[in-house]
Amino acid sequence: MKPARIWDLYAFQCGPSKYSNTDPKVRLLNEYFRLLGKGSLHASMSMIEDGSFTLSNEFWRITKINSSYTLCQTYPFALVVPKHFSDEEMLQASTFRARCRLPVVSWCNPGTGAVLARSSQPLVGLMMNMRSNTDEKLVAALCSNLAGVRGSSRRKLYIADARPRKNALANGAMGGGSESSSNYFQSEIVFFGIDNIHAMRESLTRLREYLDTHGEKSSDGMSSFLRHGGWTWGGGNLSSMSASVSTLGDSGWLIHVQSVLAGSAWIAARVALEKATVLVHCSDGWDRTTQLVSLASLLLDPYYRTFVGFQALVEKDWLAFGHPFSDRSGMPTISGSGNMPYELSRQSSTGSFSSSPMRQSSGAFISQASSPHAQTSNNCSPIFLQWVDCVSQLLRMYPFAFEFSSAFLVDLLDCMLSCRFGNFLCNCEKERQQCAVSEVCGCLWAYLADLRASEGGSHVHYNLFYDPTIPTKHDGALLPPAAALAPTLWPQFHLRWACPKESQAGELEVRCRKMAIQLSEMQKDKEIAERKAQEVTAAMESLKLELQNEKQLSISARNVAKSASKECEAIKRAIQSLGCKVQVSSNGYCTVDIDGDPMKKSNQKSHPASRRTSHRSLPSASEENDLSLSITVTADDVPSNPLSHICEALCPLRTRDGGCRWPDAGCAHLGSQFIGMKANFEAFDQLSIYDGYFKPE
Numbered sequence: 031m032k033p034a035r036i037w038d039l040y041a042f043q044c045g046p047s048k049y050s051n052t053d054p055k056v057r058l059l060n061e062y063f064r065l066l067g068k069g070s071l072h073a074s075m076s077m078i079e080d081g082s083f084t085l086s087n088e089f090w091r092i093t094k095i096n097s098s099y100t101l102c103q104t105y106p107f108a109l110v111v112p113k114h115f116s117d118e119e120m121l122q123a124s125t126f127r128a129r130c131r132l133p134v135v136s137w138c139n140p141g142t143g144a145v146l147a148r149s150s151q152p153l154v155g156l157m158m159n160m161r162s163n164t165d166e167k168l169v170a171a172l173c174s175n176l177a178g179v180r181g182s183s184r185r186k187l188y189i190a191d192a193r194p195r196k197n198a199l200a201n202g203a204m205g206g207g208s209e210s211s212s213n214y215f216q217s218e219i220v221f222f223g224i225d226n227i228h229a230m231r232e233s234l235t236r237l238r239e240y241l242d243t244h245g246e247k248s249s250d251g252m253s254s255f256l257r258h259g260g261w262t263w264g265g266g267n268l269s270s271m272s273a274s275v276s277t278l279g280d281s282g283w284l285i286h287v288q289s290v291l292a293g294s295a296w297i298a299a300r301v302a303l304e305k306a307t308v309l310v311h312c313s314d315g316w317d318r319t320t321q322l323v324s325l326a327s328l329l330l331d332p333y334y335r336t337f338v339g340f341q342a343l344v345e346k347d348w349l350a351f352g353h354p355f356s357d358r359s360g361m362p363t364i365s366g367s368g369n370m371p372y373e374l375s376r377q378s379s380t381g382s383f384s385s386s387p388m389r390q391s392s393g394a395f396i397s398q399a400s401s402p403h404a405q406t407s408n409n410c411s412p413i414f415l416q417w418v419d420c421v422s423q424l425l426r427m428y429p430f431a432f433e434f435s436s437a438f439l440v441d442l443l444d445c446m447l448s449c450r451f452g453n454f455l456c457n458c459e460k461e462r463q464q465c466a467v468s469e470v471c472g473c474l475w476a477y478l479a480d481l482r483a484s485e486g487g488s489h490v491h492y493n494l495f496y497d498p499t500i501p502t503k504h505d506g507a508l509l510p511p512a513a514a515l516a517p518t519l520w521p522q523f524h525l526r527w528a529c530p531k532e533s534q535a536g537e538l539e540v541r542c543r544k545m546a547i548q549l550s551e552m553q554k555d556k557e558i559a560e561r562k563a564q565e566v567t568a569a570m571e572s573l574k575l576e577l578q579n580e581k582q583l584s585i586s587a588r589n590v591a592k593s594a595s596k597e598c599e600a601i602k603r604a605i606q607s608l609g610c611k612v613q614v615s616s617n618g619y620c621t622v623d624i625d626g627d628p629m630k631k632s633n634q635k636s637h638p639a640s641r642r643t644s645h646r647s648l649p650s651a652s653e654e655n656d657l658s659l660s661i662t663v664t665a666d667d668v669p670s671n672p673l674s675h676i677c678e679a680l681c682p683l684r685t686r687d688g689g690c691r692w693p694d695a696g697c698a699h700l701g702s703q704f705i706g707m708k709a710n711f712e713a714f715d716q717l718s719i720y721d722g723y724f725k726p727e
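Read the sequence shown against the working numbering and you will find it ends at 727, with the numbers running on by one and no gaps.
It should be emphasised that the hints constitute simulated quantities derived from the structure, not laboratory data.
Since the model is a prediction, treat every value here as computed from it, not as a measurement.
Quick reminder that beta carbons are idealized off the backbone N, C-alpha and C, glycines included.
Warning: the hint list may mix true and false statements.
Restricting the straight-line Cα-Cα distance to at most 30 Å, the calculated cross-link-like pairs of lysine-lysine (DSS-like) are [as the list claims (entries may be wrong)]: (1) K48 with K32; (2) K186 with K167; (3) K305 with K113; (4) K94 with K167; (5) K167 with K196; (6) K68 with K196; (7) K68 with K503; (8) K574 with K556; (9) K113 with K167; (10) K186 with K94; (11) K305 with K167; (12) K562 with K544; (13) K305 with K94; (14) K592 with K574.
Simulated DEER-style distance windows between Cβ atoms [stated by the list, open to error]: (15) P194 with S74: 43 to 51 Å; (16) A559 with A516: 45 to 53 Å; (17) A516 with R35: 42 to 50 Å; (18) E551 with Q582: 44 to 52 Å; (19) K167 with T235: 17 to 25 Å; (20) S74 with T235: 41 to 49 Å.
When you get a sec, could you build the whole thing from the sequences and use the hints?
As structure tokens, this is what we get:
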């Protein structure tokens, strides 16, 4: 059962959502700042409350004249207008446009000054002769001087009327109509011939009937191959095949899509190539106008082809500028919900006007209840669906230019129609503010962003072929030629129920997505391997430092051993020079024998002397693995002056006759030598170095 009140929708009944919604006014101001070349600034609620968001650049300014929605109830609270056009003049100019939707800037190039503007139809009257000097001045102000051109040369003005010419003339009979090029300086009027909302609704109905009839599965569950008792495509039944193709063509859906694409491409070419100003409008300025302006902006600005930019584009041109989503999707509105302080019903956008050609005071509406026809009219129409279909056609033509994929567009449409989120509820910004949608309901954009974050770059919303580095010919603008604007049926959306297998992405895209997933997994494995490699490298560096320290200690010990060996050899030579015999036993003991004077050995027998032994011993290598030294000095039958022979050989102070100049110096001389030897041996003994510790060099 369809909810009768807006408060009965799921977005209001589900309670607080984890996908919180920041105020869309802040995001709108941030987009305005970017268009004015002041993207480094960031808007805030305090800036909105105190009205300090009225910034400007060389050509344009942000005005707060509609902050209370008194200028136009279906326009946003902030507008971008010519810098030198006052707010008082804007109030006057608004009375000349249907529903007070006066011309304002939708997109501008801060470098060239080119402008894409939007409005509703002018109220030129039955005779098409009504004029407004203020409106003409405002439109002229949109055509700023060409940058780099001397004098007062102004850029060309194109007024793009989205309607067929006959429809514009028919609206003139009820007070509306179109501009006259003679009233607007250097202007050219162009009609795009796009049909109204009722033609679009009927076209989609015929398309769905065609899919239901010729799809793999229809609404009644019967296969189309078995319908009418036979094969639709089989048996060479060419008449059935041609009839089905004709039915698709008769639906007119692809023709309408092509009309919107062609009009948007024409607008983008005028802005990009001629740096012209293009003013776009239809009847009310919130259906076909929104389609053309937003699609042309998508072609002109690469920023809008990213996730963040696409959100900014939809929130600016569709939500802020009052596309009636509730009316077009058949959802309940504030006017039918009751308990609201204002009656915000709007007229049908069929082009019918009141008897006073819509020149009501600023902000005043004519209630639907006053018109019996308005109560029974069907205002549902797939305007937003048709625009997203156009985006999918551009995505097919330029797969490298869009960050998002076709799956993202499908999910966006499903979320918009599900009433799960509040972003697309109500008919304008003012109604959403009165319902406190941003405070009560969840945010669709936060939900979609959370889906992408859950899987990273491998999520289906990401376009695998997106490459922003690929240069374009016209400073980032996409300008498709007319021959390329041949749309095809959008399979991911239109065929997903009737032909589920055929509605899937192409085989190439499926394989690329699988490869992207594998690549992502390999990158994760690579990161893990790199971390492990870094850990192993760090451990190896630590071991290397330890080995270097051990090597330094080994070298130092080897040098000490060499020095000790040299000292040992020196001591040995010194002992041998004293006439002693040095013997090293197998157990590591070293024995030094000192013989007496041979001249006096004969006296050894007659003068037996006591045996004197000087023995110094260190622990053997078996007890301690230190280098041990044992010196044993033995003297048999030492004469009364046992050092005389040594003195004769060593002392340079002896006389020629064998006398000693210093008779008492012999003992002192030999004693000093032994004292030095003793000190050396004690130092050598204290080294305590293992005999087998040193390796051969």
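Okay, the hints, checked on the actual structure:
no.	hint	verdict
1	K48 with K32	26 Å, holds
2	K186 with K167	15 Å, holds
3	K305 with K113	19 Å, holds
4	K94 with K167	20 Å, holds
5	K167 with K196	27 Å, holds
6	K68 with K196	43 Å, violated
7	K68 with K503	26 Å, holds
8	K574 with K556	26 Å, holds
9	K113 with K167	13 Å, holds
10	K186 with K94	29 Å, holds
11	K305 with K167	20 Å, holds
12	K562 with K544	27 Å, holds
13	K305 with K94	28 Å, holds
14	K592 with K574	27 Å, holds
15	P194 with S74: 43 to 51 Å	45 Å, holds
16	A559 with A516: 45 to 53 Å	49 Å, holds
17	A516 with R35: 42 to 50 Å	44 Å, holds
18	E551 with Q582: 44 to 52 Å	47 Å, holds
19	K167 with T235: 17 to 25 Å	45 Å, violated
20	S74 with T235: 41 to 49 Å	46 Å, holds
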